[in-house]
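Enquirer: Chains A and B, in that order, are what the protein sequence lines are.
Position 195, counted from 1, in the first sequence is what numbering that gives the first Met the number 0 calls 194; the numbers after and before it change by one each time, with no gaps.
Position 304, counted from 1, in the second sequence is what numbering that gives the first Met the number 0 calls 303; the numbers after and before it change by one each time, with no gaps.
Any given hint might turn out to be false.
[Claimed, not checked] Here are some of the chain B residues that sit facing chain A, going by a computed Cβ distance under 7 Å: (1) P8; (2) A29; (3) E30; (4) M31; (5) G32; (6) D48; (7) W306; (8) D310; (9) H314; (10) N335; (11) H342; (12) F343.
Think of the hints as simulated: they come from the structure by calculation, not from any bench.
Ideal Cβ placement from N, Cα and C applies to all residues, glycine included.
There are 2 protein chains.
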Amino acid sequence: MAPETPLPPGSVIGILGGGQLGRMLAMAAAEMGLAVHIFSPPGDNPATDVARSATIAAWDDTAALEAFAAAVDVVTYEFENIPVATAEFLAARKLLRPGVRALAVAQDRMNEKELARSLDIDVPLFAAVDAASELAGARTFVGLGGRHAILKTRRLGYDGKGQAVIRSDDDAAAAWRAIGGVPAILEEMIPFTREISVLVARGIDGSTRAFDVPENRHRHGILDTSTVPASVTPGVARRAIAIGETIAAELDYVGLLAVELFVVGDGDDAALLFNEIAPRVHNSGHWTTDACLVSQFEQHIRAVAGWPLGDPRRHSDVVMTNLIGADAETWVSVANEPDARLHFYGKAESRPGRKMGHVNRIRRMAG
Amino acid sequence: MAPETPLPPGSVIGILGGGQLGRMLAMAAAEMGLAVHIFSPPGDNPATDVARSATIAAWDDTAALEAFAAAVDVVTYEFENIPVATAEFLAARKLLRPGVRALAVAQDRMNEKELARSLDIDVPLFAAVDAASELAGARTFVGLGGRHAILKTRRLGYDGKGQAVIRSDDDAAAAWRAIGGVPAILEEMIPFTREISVLVARGIDGSTRAFDVPENRHRHGILDTSTVPASVTPGVARRAIAIGETIAAELDYVGLLAVELFVVGDGDDAALLFNEIAPRVHNSGHWTTDACLVSQFEQHIRAVAGWPLGDPRRHSDVVMTNLIGADAETWVSVANEPDARLHFYGKAESRPGRKMGHVNRIRRMAG
Numbered sequence: 000m001a002p003e004t005p006l007p008p009g010s011v012i013g014i015l016g017g018g019q020l021g022r023m024l025a026m027a028a029a030e031m032g033l034a035v036h037i038f039s040p041p042g043d044n045p046a047t048d049v050a051r052s053a054t055i056a057a058w059d060d061t062a063a064l065e066a067f068a069a070a071v072d073v074v075t076y077e078f079e080n081i082p083v084a085t086a087e088f089l090a091a092r093k094l095l096r097p098g099v100r101a102l103a104v105a106q107d108r109m110n111e112k113e114l115a116r117s118l119d120i121d122v123p124l125f126a127a128v129d130a131a132s133e134l135a136g137a138r139t140f141v142g143l144g145g146r147h148a149i150l151k152t153r154r155l156g157y158d159g160k161g162q163a164v165i166r167s168d169d170d171a172a173a174a175w176r177a178i179g180g181v182p183a184i185l186e187e188m189i190p191f192t193r194e195i196s197v198l199v200a201r202g203i204d205g206s207t208r209a210f211d212v213p214e215n216r217h218r219h220g221i222l223d224t225s226t227v228p229a230s231v232t233p234g235v236a237r238r239a240i241a242i243g244e245t246i247a248a249e250l251d252y253v254g255l256l257a258v259e260l261f262v263v264g265d266g267d268d269a270a271l272l273f274n275e276i277a278p279r280v281h282n283s284g285h286w287t288t289d290a291c292l293v294s295q296f297e298q299h300i301r302a303v304a305g306w307p308l309g310d311p312r313r314h315s316d317v318v319m320t321n322l323i324g325a326d327a328e329t330w331v332s333v334a335n336e337p338d339a340r341l342h343f344y345g346k347a348e349s350r351p352g353r354k355m356g357h358v359n360r361i362r363r364m365a366g
Numbered sequence: 000m001a002p003e004t005p006l007p008p009g010s011v012i013g014i015l016g017g018g019q020l021g022r023m024l025a026m027a028a029a030e031m032g033l034a035v036h037i038f039s040p041p042g043d044n045p046a047t048d049v050a051r052s053a054t055i056a057a058w059d060d061t062a063a064l065e066a067f068a069a070a071v072d073v074v075t076y077e078f079e080n081i082p083v084a085t086a087e088f089l090a091a092r093k094l095l096r097p098g099v100r101a102l103a104v105a106q107d108r109m110n111e112k113e114l115a116r117s118l119d120i121d122v123p124l125f126a127a128v129d130a131a132s133e134l135a136g137a138r139t140f141v142g143l144g145g146r147h148a149i150l151k152t153r154r155l156g157y158d159g160k161g162q163a164v165i166r167s168d169d170d171a172a173a174a175w176r177a178i179g180g181v182p183a184i185l186e187e188m189i190p191f192t193r194e195i196s197v198l199v200a201r202g203i204d205g206s207t208r209a210f211d212v213p214e215n216r217h218r219h220g221i222l223d224t225s226t227v228p229a230s231v232t233p234g235v236a237r238r239a240i241a242i243g244e245t246i247a248a249e250l251d252y253v254g255l256l257a258v259e260l261f262v263v264g265d266g267d268d269a270a271l272l273f274n275e276i277a278p279r280v281h282n283s284g285h286w287t288t289d290a291c292l293v294s295q296f297e298q299h300i301r302a303v304a305g306w307p308l309g310d311p312r313r314h315s316d317v318v319m320t321n322l323i324g325a326d327a328e329t330w331v332s333v334a335n336e337p338d339a340r341l342h343f344y345g346k347a348e349s350r351p352g353r354k355m356g357h358v359n360r361i362r363r364m365a366g
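In isolation and in its complexed conformation, chain A is listed as follows:
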């Protein structure tokens, strides 16, 4: 079932999920002459505006999944909280890239951390917390370095949701309640110097190509800006990319993989600690659309369609800024900035904390 030849123009890429990542993937596919079929549950699915076809159905609607699988040439996803059962159902019928394992690992923070540790990648101290009674022991272990700890739900967390900081004994019970008393992971809080991410694509032949490493700042738990180049030395950037390549190889990954890392310290000796992966195109790669010849979206579609990977070279320095909720109201002023490229996701409704678009500000065109 695995064609080792690239899917020709006219082939159909099935995308699970109908949000902004699916929308930008769909446009990249269309530029390559590939058609897109979106599968997503009911809701605001802006990707369907730029897709040839869409199936709006629940993740467990096997009749709809069956028809979807029959209608497409390969399946990918833009969203990592798709039920593993859905992914398995599709993988049994059609190529799924990236595969089920990448999805399953990324859905559980314990799995992610254990995978990284098994690959000799440095990770913050962590411990599973499956019940309130396990919290004290976990704190003793994680707190050995004298650091604060952060309690996170193992599953379904994103944009800072499902997280609570524990600074003292008094916080512990409240933290457990705050995250809803579900299976969790307690992690030491890393006093990082900066956060970076790796955006590495892996092709069907196992070759990899990485974009330059962006430096990411968060606000209220949501990505605010990604700046390229990051303030890390070339040696640190190479080490970061090697971490991404190691994980991608272990997962026999096909597509674009994002790995978020903490940087502690400066210069070549800075430490890198694993934070999490996203088995998909990533918000911290949105700058690639305007600063590189090939965007993360095209690179992902190239991999998924079995095409040779593109050249991720960057022609400009750039700062990507998310437009969250009411930020989107600044669009006229952004549209007037000569060095800014505005991207809107076509979402029907703006809500606080909702990603409505982003702007890439070109800082310097590199020679």
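Keeping the supplied structure of chain A fixed, place chain B upon it in accordance with the hints.
Expert: Relative to chain A, chain B alone:
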């Protein structure tokens, strides 16, 4: 009916025509958060793959046009051979940008040439030929310079269709038959040094922004390559752009206007002669997608939506090559070129002479 404020994200752009230009316009609009509704007669309409809505109906289907006008916020076109009556019908109901006059002028080679001449723009010698009996007189006039002449249908010509060269008396009757004996224009054949085009956008406030001037080569009457920068001096490029601005102002144009020009001679003294206009995005501007911050497609949508025009600055030297008919079969090798960006139009069927896609080869990233 003319809002002088920009249409906000979520607004709907109506596009007349469903071909590759509509497709690339639709994607540019989607990046800006604008929805697209395509109106096109039945056939291969690849733009509908990336549009939120589509009406497939004849140009004279007034019920369909009425509903289309009601469903969109502004109307533009990607194809200049839309019946003027259709454009007038829509312009009476909704903003049409560019307007009816630009369309009417561009549809008739006599109108184009007369417009240019009325604006003191140099044009080749030309004469109307409405009947076979007028051909001899026209040849006497046009042939004054001792040059060969070219007979072209006044209307509906494109990609070298509807044209016949007259080198001697023996050719004249055959040329008249070859173009189908319809109202025509006889033009002196200009022994040009090169061909260039102007890609100038004009906003609702009358401001203009031009892209760098490409140099165009044709093969079998169809555009083959556009190379930027063109081999003309900055002074010649400025004179060319001024011609585009003059025509755009005269037409009270809103959107991207293409003007094709002949260059005769070299250096600052080179002569520029008007060839024709296209009241839309243009094949010779396809390189802007990969070599500029803002593409011709986004620039057109910005103008049509009443947004401020974007910065047409170019970051790279580039050669655009059309993939015509069987050229498209080279896609795997093009996908392997590190400096090439491949664009396919999603057309269902390849035919000789049919534009299937194009490739932008980045030659040097400019500083």
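Enquirer: All hints, please: hold or fail.
Expert: Hint by hint, here is what the structure shows:
no. : hint : verdict
1   : P8   : holds (4 Å)
2   : A29  : holds (5 Å)
3   : E30  : holds (5 Å)
4   : M31  : holds (6 Å)
5   : G32  : holds (2 Å)
6   : D48  : holds (4 Å)
7   : W306 : holds (5 Å)
8   : D310 : holds (4 Å)
9   : H314 : holds (5 Å)
10  : N335 : holds (5 Å)
11  : H342 : holds (6 Å)
12  : F343 : holds (2 Å)
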